[in-house]
Amino acid sequence: MIPKTRSGKTLRRVLRDLIENATHDEFDKQVAVPSTIEDQEAVTVAREKVREYFKVKGKDLHKATEARAKL
Amino acid sequence: MRDLNVKQSLTSYLRLAVYAPLLVGATTVLFEGKPVGTPDAGTFWRIVDEYKVTTMFTAPTALRAIRRDDGDNEFFERRGRQGALKTLRALFLAGERSEPSIVEMYQKLLAKHCAPGAMVVDNWWSSESGSPISGIALSAAAGFDFSSQDRPTPLSIKPGSAGKAMPGFDVRVVDDEGKEVKRGVMGNIVMGIPLAPTAFTTLWEDEERFYKGYMKRFDGKWVDTGDAGMIDNSGYISIMSRADDVINVAAHRFSTGAIEQAITTHPSVAEAAVVGIPDALKGHLPFAFITLSTHEHPEGAVPDDKLANEVQKLVREQIGAIASLGGMIQGKASCLCTDCM
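Protein sequences, first through last, are from chains E and L.
Heads up, the first sequence is in the numbering used here, so the first residue is 1 and it goes up one at a time.
Heads up, the second sequence is in the numbering used here, so the first residue is 1 and it goes up one at a time.
Because the hints were derived from the structure by calculation, they are not lab data.
Built from N, CA and C at the ideal position, the CB exists for glycine as well.
Please note: incorrect hints may appear among the correct ones.
[To be verified] Partial list, derived from the structure: chain E residues whose beta carbon lies under 8 Å from chain L:
#, residue
1, S7
2, R16
3, V31
Generate coordinates for the entire structure from the input sequences, incorporating the hints supplied.
Spelled out as structure tokens, the structure:
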């Protein structure tokens, strides 16, 4: 679930993007993933966990602080 | 002398892994493979035994994978009890932050089963520096005389710290304006110029990118490492996280690494990754992704109340109430081990 690079660094930025997108209800939005990722599948797993968390618990707990421009 | 190097990405460590051992006529053993699952979590220790490895170099993430599969260190203990790990003098860790729990665990194992005085040495550097920026020197006398056979007792380690600045590197901690902060206070880790002779002096055919990437942020005064951390009163350097992994909660700066460290002191948590989640009141709150070290993985993404409360308590106790987690998601480890893939 926690995506990492091949040299073992945690890709926090990917998780942060998933979480931020979730606060905007944009669960399926693409996130930038570096080519050095060890296991691409970890991002998919994290995305689904974030979706589940927001459905079960986080929906009213976390709101985006600024609305995103709809382009 | 033989060295065992375990590195998934070799290029940036080539100098340490191959060139540096050659300078002293040492043999390097490169192990390319998984630390667990091929066939078990004892592979590293088998190689130490079979090749009489004296100095081992790996990333903490490999040790975490072993801890997850072999929580009681049975493989290490078994080989250790046979006296098969007596050659090992040092276990070097790099590539990412080593949390104190993993350093302490292996320091105990080394003291029990390996060479007298064997140490776990967390060290910090980058491709750009070309050699360790901080660490603990095992043969400090070689700094004066390369062929010296003197082996003064090394400085002691502080789990969680990546040691002291190595010769040639002038390491400082500064605020966002480039002003040095007090000892023990977290800030941006920078280096004074010139760097040690192993380090880069430009980027290939791209002076401008070199300037923009490393020098511009502090107006040419310091080289920006992009890492955040602190230096204590004795000069030990702790690298907490990448500078952009610092979360701002109601004007308090927290390192994701420090919060992750507090979370992983919970015995059921194998690993944690903390990021900032937007919050209307405080700007951001820390939000944790955790993987469990329990054999049975619960299915749901939301941890049960007991675990959530226990983890929250650890964060409050070790970091402070203001760092309380805004939320938590649990999941399986994206493990290197074959069962999980």
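Exercise. Is the shortest C-beta separation between S7 (chain E) and chain L less than 8 Å?
Worked result: 4 Å, holds
Exercise. Taking 8 Å as the limit, does the beta-carbon of R16 (chain E) come near enough to a beta-carbon in chain L?
Worked result: Check passed: Cβ of R16 (chain E) comes within 4 Å of chain L, closer than 8 Å.
Exercise. Taking the closest Cβ pair, is V31 (chain E) under 8 Å from chain L?
Worked result: 12 Å, violated
Figure legend: structure checked against the earlier numbered hints; the only hint not met is number 3.
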